[in-house]
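Engineer: First to last, the protein sequences are chains R and W. Just so it is clear: in the first sequence, position 60 is 60 by my numbering, and no numbers are missing. Just so it is clear: in the second sequence, position 158 is 158 by my numbering, and no numbers are missing.
Don't take every hint at face value.
To be verified - Here's a subset of chain W near chain R, in silico, CB distances under 8 Å, partners left out: (1) 19; (2) 21; (3) 185; (4) 187; (5) 191; (6) 194; (7) 252; (8) 256; (9) 405; (10) 412; (11) 420; (12) 423; (13) 427; (14) 434; (15) 436; (16) 445.
Just so you know, the hints here were simulated from the structure itself, not pulled from any lab data. Just so you know, even glycine gets a beta-carbon here, dropped at the ideal spot from N, CA and C.
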Amino acid sequence: MTQENFSARRENQAQPVETEQVQVNTTGTSAGVDDLLDEIDSVLESNAEEFVRGFIQKGGQ
Amino acid sequence: MSARRLVGLETEYGIIRPSMPKANSTVLSAQIVDGYAQLVRDTDTATRAARWDYADETPLNDARGHSVSREEAHPSQLTDSEPTLEAENQVWTAESIALDGNDARVGATLYQENDATDVVMNMVLGNGARLYVDHAHPEYSSPEVTSPRDAVLWDQAGDQVMRRAAASAASLGGGELLLYKNNTDNKSVSYGSHENYLIPRDVEFSRLVDGLTAFFVTRQIFCGAGRVGRGMLGRGAEFQISQRADFFEAEVGLETTVNRPIINTRDEPHANWDKYRRLHVIIGDANLGQISTLLRVGTTNLVLSLIEAGMSPKLELADPVSALQQISHDPTLQTTVPLRGGRRMTAIEIQRSYLEAAETYCAQRELTDPDTSEILNRWRAILDTLEQDPMQAAGQVDWVAKYSLMKSFTERHGVGLDDPRIALMDLQWADLRLDKGLYYRMAARGLMETIFSQEEINAAVDNPPHDTRAYLRGMTLQRYAPYVVAANWDALSFSVPGARKISRFHMPEPLAGSRAQVGELFDAQLEINEFIDQLARHR
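Only chain R is shown next, with the shape it has when bound in the complex (with noise of 0.2 Å):
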């Protein structure tokens, strides 16, 4: 779900909402979601292939 579609619901709280929606949008995860990955590229490790090249561990139990 987009940012907008979330922004639209917020404004239409107080509007009865249908069952579907509800089920849809019941967390508002979505917009959690597209809020971090609108920063995940200062998040991320930069060259991401690299890096996880880079993860070698030895065995463990």
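Got chain R sorted already, so can you dock chain W onto it with the hints?
Structural biologist: Just chain W, lined up with the frame of chain R:
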């Protein structure tokens, strides 16, 4: 019994130093423990610590009634002796010095920089936990707790201990150390997050195997941590529910590092052997999410109660190892797995059988304590949600949260799960840094349900639980650390000026040593000799 039971959680963390890609991981892990030791030395907080005492460790005893000889054992099973850095890395000019209780320190030079520093491999903390180097990973073993909520709290305290240790170690030089609460490097290696449950000795081990196998194979649907890639090598770009599932090869066994079994038979109770078993569970994923951890411990406690009462559902999987992996490989949760006799069930259906048996059991016994009620309610609610639409469980279940973030990312950028940034997200989900770890970024936006605040978690770093022997252990370290020469799960050893011998205090009863029992000793602010005398009277 109920959803309450004596429990301890262990986590081995992944570790790297990005500025030194080839650095030896045992050395890095020792720096974490040493970093924490430095922090304890430098700050006058309650975070006291002592050396670990190996005298009571018996990792080669098998719950099925025999033991493996040291010669036959895989070297990684020899967890009752101090690992030395000598064998691991010649950079360390290591001289192992035997101390009390077979403990040892490594007088060492780290990259020739720090001649005077003793490197600590193993500590007992003021909250009753153990912090040490296990093989090639830093490990935090929580203090003993009695409720699922406390298990979550002192497990999260371990993450905070590790964060502080990493910051301290980095300040000692050598570059930033990054820690990950995950279970695989996706390059053939897995490391564990183990659970320990106290069980009466008279519960036959075969009953545990019969009652737990189908439960352990399926509980991943609400406590898996999620992973991209298949098999031990993490090939392909498909999402699966569990970090650990593809690393399991056996149904029952003593090993924990090779040929991993769904049910581990290590029989080392760290308590009165005649009265207790410690069920050592190696199949779980490390959870950052508080609700996934709560459900993992709480539901397992209830299933153990069912087994003890002879009320667990009779569900015998035709091929448990294969079922474990098939369920993990299907995030839609539609996969059915065959039982002996040919009937097929989904993971949700199997979990519902256990839930319904637990509800009947608790109703019959009129168990209405808040912990049991909470776990039953949450267990039912999460199965309902997962059945309706697994993605709706993103606020509670770690794998769903991770998967929903990845799906949103791929939709926004029009890429697939094979995008290199997805593999990075899989890894960085578990990064312990609050500003970098994707779990923490989700939680900071209120996207993950939590039951404890960071302030409460910080308090659990400094303080032990009140209702187990961890209270006595932790408080003793807080008040009398200079006199504690060694400590382990079931003993404390004191060396007192003027005394000719070491005094060893045994704690074979995990529920003894609680605040109710020994709190007054600490309230009385006794001198060390008086404290030891009074403690001896509590035996």
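Engineer: Now, for every hint given, state plainly whether the structure supports it.
Structural biologist: Hint check results:
| no. | hint | in the structure |
| --- | --- | --- |
| 1 | 19 | violated (11 Å) |
| 2 | 21 | holds (5 Å) |
| 3 | 185 | holds (4 Å) |
| 4 | 187 | holds (6 Å) |
| 5 | 191 | holds (3 Å) |
| 6 | 194 | holds (7 Å) |
| 7 | 252 | violated (16 Å) |
| 8 | 256 | holds (4 Å) |
| 9 | 405 | holds (6 Å) |
| 10 | 412 | holds (6 Å) |
| 11 | 420 | holds (4 Å) |
| 12 | 423 | holds (5 Å) |
| 13 | 427 | holds (6 Å) |
| 14 | 434 | violated (11 Å) |
| 15 | 436 | holds (6 Å) |
| 16 | 445 | holds (4 Å) |
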